[in-house]
Structure formats: C-alpha cells, structure tokens
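Novice: Respectively, the protein sequence lines represent chains V and G.
With the first letter of the first sequence counted as 1, position 129 gets the number 129 in this note's numbering; the numbers rise by one all the way through.
With the first letter of the second sequence counted as 1, position 347 gets the number 347 in this note's numbering; the numbers rise by one all the way through.
No lab work stands behind these hints, which were simulated from the structure alone.
Incorrect hints may have been included.
[What the hints assert, rightly or not] Dumping the calculated DSS-like pairs for lysine-lysine here, alpha-carbon to alpha-carbon at most 30 angstroms:
1. V:Lys234 - G:Lys139
2. G:Lys70 - V:Lys234
3. G:Lys70 - V:Lys24
4. V:Lys234 - G:Lys337
5. G:Lys139 - G:Lys66
6. G:Lys66 - G:Lys345
7. V:Lys24 - G:Lys18
8. G:Lys70 - G:Lys139
9. V:Lys24 - G:Lys16
10. G:Lys66 - V:Lys234
11. V:Lys24 - G:Lys66
12. G:Lys66 - G:Lys337
13. G:Lys345 - V:Lys234
[Said to hold, decoys possible] Stretch-level coverage of chain V by chain G, calculated; a stretch enters the list once three of its residues show a Cβ under 8 angstroms from a Cβ in chain G:
14. 30-41
15. 90-101
16. 113-119
17. 122-130
18. 136-143
19. 231-240
20. 244-253
Beta carbons: idealized from backbone N, C-alpha and C, even for Gly.
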Amino acid sequence: MAISAFLTDPSICIGCKACEVACKEWNQLPDDGFEWSGQSYDNTRALGASTWRHVLFLEQPQPLGAQITGTPEPFRWQFLSDVCKHCANAGCLEACPTGAILRTEFGSVFVQPDVCNGCGYCIVSCPFGVIDRNEQEGLAFKCTFCYDRQVAGLIPACAKACPTQSIQFGEISELRERAGARVQLLQERGYADARVYDPRETSVGGIHALFVILGRPEDYNFPPAPEIPTVHLKTAWTYALASAAVLLLTVFGAFFL
Amino acid sequence: MSLPPKSTGEKFTGEKLKASEERLDALREEALRTGAVTGARVTPSGSPFPQTVAETGYYGNPVLKKPVWKWQVPVYFLAGGVAGASAAIAFAAHVLGRDPALVRAALWIALGGAIISPPLLIFDLGRPSRFWNMLRVFKLQSPMSVGAWTLMAFSFAVGTAVVCEEIVLRGYSSSLLLGVGWAGEAGAMLTGLVLLSYTSVLLGATAIPVWSENRRVLPVHFVASALGASAGILELAGYLIPATNGMSIAAAGVETCVAVYIAMRGRAVDAPLRTGRVVWMIRVAVGLTGQAPLVLRIFFAHWPAARPIASVCFILGALLSRYGWMAAGHASSRDSKTLFEIQRKGTTTGETKASAKI
Ligand code: SF4
Ligand code: SF4
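Whenever a hint applies, use it, and build me the whole structure from the sequences.
Specialist: Dropping the structure here:
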C-alpha cells in the first residue's frame, strides 16, 4: 500500500477554515469553547483532542513576496492549516503502553479509541504537541488521517473541503517532489524564505504531513529540530540501572557500619 | 470507527452568548481607544496588529501539550521507589544474616508500597476500568509499559516472599518454602531495582525539555530519594540501627550534590526549577532531603529525636521534590522559547545528531 501524505501550502491558503469545519463534521468533534483569543482571526489557537486541523493566522512585519499591501510598514498575513504530522518515527506510538496507537497500512499513525486507557504518556511524548486527552472521554485523540475514508477509497475530509488546494493529499514521494518544486517556484517569485518543513534529518525521520512554509518553523510553532523521545532511552536507562546498582551496593555496605 | 468524543452539550445561547458578545464589544472598544488589546487571554505582542515573534513562536502559545497527570503520579513515584528500595534492604539484610525482624519489616514495607501503587496509577488513568490494557502488550521502548509489567512482577515476587516469611515464622518450615521465599526475595530485589529507577526514565524519555535534558540527573535523584525514604520509614518503624543511618546519610549527601549540580550548571532549560511556585517546592525539598537530615544526623547524633525527625523530613522532602519536578514539567511544556533555543543549538540530540536546522 502506498504511503499517503498531506502537503499543506500556506502560500495559497485563504484562511477560510473549511478544513477545520470539515474535520469537525466528519469526525463529529465537539467545540472547543467560544473564546476570543485576540490572536488575529484565530480563536482556535492550537491542535487538541477535539481539534485535528487548526488554521494559524500569522501577522508578520515582513513583505510578502512582491505583494503591495497598502500599509506603510512591511506586512504579511499568512494562513497555515496545521495537523498531526504522522511522523515516520512517532513519539506517541512508541510511548503508548497499551498498543492503542498503531501504524496503519497508509503509513499514518492511528489511535484506537477502544484500546486507549488514557494514561497520557503519548501526550508528553509527542515532540509537536499534537495529541491530547479529551477529559470527558478520558482518552487520547488526534487526527486519524481519515482512516475510515481512506479505507473506503476517499481522500481525507480536510483535503476534500479545501477550496484552494492548499491541502493536497497523495503519495508521499510525489508530494515531496511537488513541495520541492513549489518552494523553488516561490523563491523564483521573490518569496526568498520559502522552504519545506519535513524534519528528515532528525530522529523523527520525516513527517507524512509536509508543509511549505515562509520563514522560520518557530513562527508556526513548529519545533526546528524535533526529536523522538526514545532517543533518550539509552542514556536514561543506563543512568537509572547504574544508580540502582549503586543503591544495592550502598545497602550492602551500610550493613557493615 | 473512531469513537467520537461526546459533545460538551454546552449550548452557546442566552447568558453565555450575551457575555461573549459583550466581551467582543469591549475588545473592539479597547482596540479603537488604545490601538491595542491587553485583556486577559488576549496576548497581542504589538499593535494595532498582534504579531507573532520568532522567540516565543506563534503568539506565545505553547508548542507542547502539558502533562495530564494528577497528584497520584508523584505519590506513586515515591511509593514505588520506597517499595523497591525496601525490597533491596530486606534482601541485603537477609543475605548478610542480620536481624530477621528487620527483614520482615522491610518486606512488609515493600508489600505496602506494592499494594498502594496500582490504585494510584489506576485512578490517574482517563479510563480506570481499562487498566488491564496496560498488560495487553509489552513494549521495551515504552517506559510506561516496562513500569506496569515491573510493578506486576514486583508485587508477585514480594507477595510470595511475605507469605513464605510469615508461614516460616509460624513454624511450618520446609526447604521448599524457604527456597520459594528466597526466590521471592531475590525477585523482589531485582524487580525492585527497576521499579525504583524506571520512573526517572519515564520522565527523562519525553519531549518535555526540563525532563529530557535532565535524563542523567533524574535517575540519580530518584534512586537516592527512594533509598533515603525507605531507610527513613524503617527508622520510624523503630530500626534505629547504624545501617539505616548510613543509608540515610548517603541519600542526603547525594540529594545535596544533585541540587548543587543543577544550580551550578545554571542552564536555561532548568529555569522552570528556579522560577515561580516550583522554586519553593524544590528549595524546601532540598532542605528537607539534603541539609536537614545531614545536619541532624551528623551534628545532633546524640539527640534521640534527631533521627526520627530527619526521617520525617526526608520522606516529606522526597514527596515534595516529585511534585516539584512534575510542576516544572508543566512550566517547561509552556516554555517554547527555551525549546526553540535548545533545538537550534542542537543540544537535545540524545544519541542522534540534530543536524537538521530546517
Ligand atoms: S505529530 Fe505527535 S501525535 Fe502526530 S504522529 Fe507525530 S508524535 Fe504522534
Ligand atoms: S493515553 Fe491512550 S493512546 Fe496515549 S499512551 Fe496512553 S494508552 Fe496509549
């Protein structure tokens, strides 16, 4: 089975939030409360247990390509639809003690809600801060990559709903190519800081939700060099077991005092 | 397929709607008047347009999610630590042929820890009724999974040891019983060593910077405080012997060194340990587990109340420090600035090179 992927391109996103709505509707997700955030037109703020697509609204004091904005100061307004990265090496999946989180035949990372017992370990193990626990259900939730739709041969609801093709869905290698070509085109057109966000050099080993971004990953709350927490296991276990061995020696030694 | 979370059922009508509309009006008014909005939960960094700043990321919203663990988890960390260390003490005392009453007391303390641990873990779950799913699979790469299985094995071993011990004490000795008892004690010692230390790995192998960047320090700290708390409980149970004093002094010494080490490093990633509410938890905890027991045990050794007081101090301090580390994890999960800095410098690499500067 081909590895499916998203390519999200903020340079053509119009910030309509159709993806957020389509995701909520298809997956029957509850609201996140109605709060005014004061953060541009984004009152969602972050991904969470009941928000599996989140459209960011970035207001930055930089010119946007060759665009004329009409404001005296340089200004650009960008929108990006964030989603679970479906990491090639997923922190949440490795950490889950119940085996609730598994890798599907589409290469996506899926939480089985009938197995999860809400231990919360995945939440501190996701380097992207995606997965969270729904406190009514007591279970961990995140984007399913519309597994149910993919099984039925449909594309994910968000990609389907996106009116500008800012969210593209397809085979990963093809989308990686398309992302590279898009970045090149953007740079030629004067968007000098366009790049692909796909941390393949880190222990995460690449993501299945690629992004074309303008500027630094930090601006989008993307970690610049995410690491899967299992890389720390060897050191931590070595120190833990060595300390425990020293404890045993200390205990034996203390009895000769 | 995916079981949808139930709707909160909250209707956005009537009073709530009115309040929300009023809030929006107030925000608009404020923006019109002052060119900026400064109210609660409104955090624009510039005006009139709120702008994202590179240092704190997207409007200062946290990159990571905060841990969902409640008060039970730090208590469990200590209970499991005490249980494991007590099993080690029982084993050593038995092997060296020391006071059988001490062996028995230490085993019972270990069993007590093993008995209170599962409820603490279970009630911290989002779905307590699904606790058994923990034993659905064994995953070496998940410290949570290793811990759940270790706790099971430990409980089994220490339970066996206590049962055999009690039967033998009542005069029904047989070589089989003694053999099984020894096996139980040895098993409890071995699994206990994992039980008392794995919780540091549980925190160390996460995405939370203050925990993962202390993956070398946390094991030393957790193991030392497990030993000190366990020796302290034995002392409070009346075993004011040189051995428990020695263990306590060693533990207090290590705790002091760990605190000094963290302070001397002065890293930005440890800032959550030095700020806000947490700094007091950590400071008091270090006083209770480090300085106080050392002073009491070394300079007031002749005073009969010194050791029990030192023991109580240590146990409370060990508990407090676990709360402190938990609270530091919360603060660290909100601190995107440090997260970005660490990742840009490539110091969070663990065993791999974070060469990728995207
Ligand atoms: S982004 Fe987080 S929740 Fe999504 S697959 Fe990666 S580790 Fe799991
Ligand atoms: S909360 Fe659920 S999905 Fe997350 S690690 Fe625990 S059992 Fe696995």
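Novice: Indicate, hint by hint, whether the structure satisfies it.
Specialist: Cross-check of the supplied hints:
{"no.": "1", "hint": "V:Lys234 - G:Lys139", "result": "holds (15 angstroms)"}
{"no.": "2", "hint": "G:Lys70 - V:Lys234", "result": "holds (27 angstroms)"}
{"no.": "3", "hint": "G:Lys70 - V:Lys24", "result": "holds (29 angstroms)"}
{"no.": "4", "hint": "V:Lys234 - G:Lys337", "result": "holds (27 angstroms)"}
{"no.": "5", "hint": "G:Lys139 - G:Lys66", "result": "holds (24 angstroms)"}
{"no.": "6", "hint": "G:Lys66 - G:Lys345", "result": "holds (23 angstroms)"}
{"no.": "7", "hint": "V:Lys24 - G:Lys18", "result": "holds (25 angstroms)"}
{"no.": "8", "hint": "G:Lys70 - G:Lys139", "result": "holds (24 angstroms)"}
{"no.": "9", "hint": "V:Lys24 - G:Lys16", "result": "holds (22 angstroms)"}
{"no.": "10", "hint": "G:Lys66 - V:Lys234", "result": "holds (24 angstroms)"}
{"no.": "11", "hint": "V:Lys24 - G:Lys66", "result": "holds (23 angstroms)"}
{"no.": "12", "hint": "G:Lys66 - G:Lys337", "result": "holds (15 angstroms)"}
{"no.": "13", "hint": "G:Lys345 - V:Lys234", "result": "holds (21 angstroms)"}
{"no.": "14", "hint": "30-41", "result": "holds (count 10)"}
{"no.": "15", "hint": "90-101", "result": "holds (count 8)"}
{"no.": "16", "hint": "113-119", "result": "holds (count 7)"}
{"no.": "17", "hint": "122-130", "result": "holds (count 8)"}
{"no.": "18", "hint": "136-143", "result": "holds (count 6)"}
{"no.": "19", "hint": "231-240", "result": "holds (count 9)"}
{"no.": "20", "hint": "244-253", "result": "holds (count 9)"}
Taken one by one, the earlier hints all hold for this structure without exception.
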